[in-house]
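Engineer: If you want the building blocks of each chain, they are given just below.
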Amino acid sequence: DVKVTQSSRYLVKRTGEKVFLECVQDMDHENMFWYRQDPGLGLRLIYFSYDVKMKEKGDIPEGYSVSREKKERFSLILESASTNQTSMYLCASRLEPGQGFREQYFGPGTRLTVT
Amino acid sequence: AQSVTQLGSHVSVSEGALVLLRCNYSSSVPPYLFWYVQYPNQGLQLLLKYTSAATLVKGINGFEAEFKKSETSFHLTKPSAHMSDAAEYFCAVSDREGSQGNLIFGKGTKLSVKP
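Top to bottom, those sequences are chains A and B.
Sequential numbering of the first sequence, starting at 1, is according to our numbering.
Sequential numbering of the second sequence, starting at 1, is according to our numbering.
Keep in mind that the hints are not guaranteed to be accurate.
Computed list of lysine-lysine pairs in BS3-like fashion (alpha-carbon distance at most 27 Å, straight line) [said to hold, decoys possible]:
# : chain 1 : residue 1 : chain 2 : residue 2
1 : B       : 49        : A       : 57
2 : A       : 3         : B       : 58
3 : A       : 57        : B       : 107
4 : A       : 3         : B       : 49
For the chain A half of the interface with chain B, some residues (derived, Cβ under 8 Å), not all of them [claimed, not checked]:
#  : residue
5  : 48
6  : 52
7  : 63
8  : 90
9  : 102
10 : 106
To list a few chain B residues with every Cβ distance to chain A over 12 Å, as calculated [said to hold, decoys possible]:
#  : residue
11 : 12
12 : 68
13 : 79
14 : 115
Source of the hints: derived by calculation from the structure; they are not laboratory data.
The beta-carbon is built from N, C-alpha and C at its ideal position, and this holds for glycine as well.
I would like the entire structure built from these sequences, with the hints used as guidance.
Structural biologist: In structure tokens:
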């Protein structure tokens with residue numbers, strides 16, 4: 001069974017703080033993703049990574065950065081948190097985008113509130 | 001470019017009634033299609049996926065979906081709703097040919113089940 005864990009379920013930070021969201025998967029998946037989820041907007045891709053030390057911008061990368069130093073861990077960084085980054089953040093992993101392996105496996109999410 | 005449209009942000013059914021959640025997609029190449037479910041305060045869980053093996057796809061919890069190329073649809077159904085089916089449901093499409101194969105999500109449909 002694929003397991004994707006996220007470091008916190010709920011997080012409250014102040015405006016201007018640097019925030020780290022951690023994600024770990026235990027199935028040796030190559031690809032990892034960070035999304036944010038907002039009511040009425042669905043899931044929007046922030047960043048993704050195909051392999052260690054590789055990263056690609058998604059649809060809404062502004063205000064975020066990522067780090068992938070180890071295959072199992074993918075971190076999302078908010079350099080200077082702002083109130084419009086209050087959201088649910090979801091991490092996902094995927095084996096590889098080959099035939100039949102495009103489904104992603106999701107963590108439980110981190111609900112971040114920036115005050 | 002690919003896109004997904006879920007008709008109806010909220011659907012309400014009575015317990016025991018048919019569940020029908022609508023999804024239409026746009027893709028210039030044959031797609032992979034997915035339905036995910038999200039229970040309150042949890043991550044997304046894969047319900048079922050279409051990868052061209054069969055147009056009628058059976059998933060977990062009694063759900064199924066039918067791929068109709070002529071209608072560019074992938075509607076999700078369940079013959080008899082349970083209270084435990086109350087959740088948010090997301091349809092997603094992936095590019096079959098592209099090397100990235102990332103998922104494009106619809107905005108979600110929240111299903112309520114009345115006793």
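Engineer: The structure should be examined with respect to each hint, and the outcome stated for every one.
Structural biologist: Going down the list of hints, with the structure as the test:
In summary, the hint linking residue 49(B) to residue 57(A) is supported, as the alpha carbons are separated by about 26 Å, within the 27 Å threshold. At roughly 23 Å between alpha-carbon atoms, residue 3(A) and residue 58(B) fall within 27 Å of each other, so this suggested pair holds. Distance restraint check for residue 57(A) and residue 107(B): the Cα-Cα separation of roughly 21 Å lies within the 27 Å cut-off, and the hinted pair is therefore satisfied. Proposed proximity of residue 3(A) and residue 49(B) is supported: the alpha carbons are some 19 Å apart, at most 27 Å.
For residue 48(A), the interface hint holds, since its Cβ comes within 8 Å of a Cβ in chain B; the closest pair sits about 7 Å apart. Annotation: interface hint on residue 52(A) violated; nearest CB of chain B at approximately 17 Å, more than 8 Å. Checking residue 63(A) against chain B by beta carbon gives a least distance of about 20 Å; that is not within 8 Å, so the hint is violated. Residue-level restraint check for residue 90(A) holds (minimum Cβ-Cβ distance to chain B is 6 Å; threshold 8 Å).
A distance limit of 8 Å between C-beta atoms decides the matter here; for residue 102(A) the minimum to chain B is near 5 Å, and the interface restraint holds. The interface hint given for residue 106(A) is met, as the beta carbon of that residue sits about 4 Å from the closest beta carbon of chain B, less than 8 Å. Every beta carbon of chain A lies more than 12 Å from that of residue 12(B), the smallest distance being close to 17 Å; the non-interface claim holds. Consistency note on residue 68(B): stated as away from chain A, and its beta-carbon is indeed over 12 Å from all of that chain's, at 20 Å minimum.
Against chain A, the non-interface label of residue 79(B) holds: every CB pair exceeds 12 Å, the least being about 25 Å. With a minimum CB-CB distance of about 25 Å to chain A, residue 115(B) clears the 12 Å threshold, and the non-interface call stands.
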